[in-house]
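Please construct the entire structure, taking both the sequences and the accompanying hints into account.
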Amino acid sequence: MFDFQNTDNVIGNGYITQLVHADIVTKLILLVLLLIEMTGEELLLASVILPMLSYLKKLNYSWIFSVFIGSLLFSLMHLYAYDFNICFCVIAGLSHIPMIQAWKVTNSLRGGIYIHIFYNMISIFPALLL
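In the numbering used here, the protein residues as written are 6 to 135.
FYI, nobody ran anything at the bench for these hints, they're computed from the structure.
Every residue gets a Cβ at the ideal spot worked out from N, C-alpha and C, and that includes glycine.
Any given hint might turn out to be false.
Said to hold, decoys possible - So the derived label-pair ranges between C-beta atoms look like this:
| # | residue 1 | residue 2 | range |
| --- | --- | --- | --- |
| 1 | L36 | Q106 | 21 to 31 Å |
| 2 | T31 | Y60 | 36 to 46 Å |
| 3 | R115 | C92 | 22 to 32 Å |
| 4 | M126 | D88 | 35 to 45 Å |
| 5 | P131 | W68 | 34 to 44 Å |
The structure is reproduced here in structure tokens:
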């Protein structure tokens with residue numbers, strides 16, 4: 006049904022292709038790098054969104070505006086990873102909304118980081134098994 010070995014025609018994150026064709030040591034190294042990158046993405050976005058939220062606190066819609074800007078930035082951060090495919094980048098940006106909301110609910114960046122790690126692990130788990 007699904008052919009995870011043939012990823013040449015799949016437009017998507019380059020990690021999937023690298024993981025499918027890699028040996029076990031390379032898979033572990035790429036997995037560690039991915040965990041570091043996901044944490045870095047959250048920290049980078051928080052360094053932009055949270056000061057902006059603090060500055061715009063007087064406005065009624067400051068949280069919505071900050072979430073919109075954060076999703077837009079997340080989309081732009083993934084342009085290269087998704088071969089400049091705007092559709093995938095918009096989907097990535099929209100999928101980041103629950104991560105930003107987790108910041109607010111947990112009053113910590115850890116909630117967003119955990120969701121980000123969980124989401125990416127689900128998306129690349131089949132490639133890790135091959």
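For each hint, the structure was consulted:
Roughly 26 Å separates the CB atoms of L36 and Q106, a value that falls within the hinted 21 to 31 Å. Taken as a hint, the range 36 to 46 Å holds for the pair T31 and Y60, whose Cβ atoms sit roughly 43 Å apart. At roughly 30 Å, the beta-carbon separation of R115 and C92 lies within the given 22 to 32 Å, and the hint holds. At roughly 22 Å, the beta-carbon separation of M126 and D88 lies outside the given 35 to 45 Å, and the hint is violated.
About 36 Å separates the C-beta atoms of P131 and W68, a value consistent with the hinted range of 34 to 44 Å.
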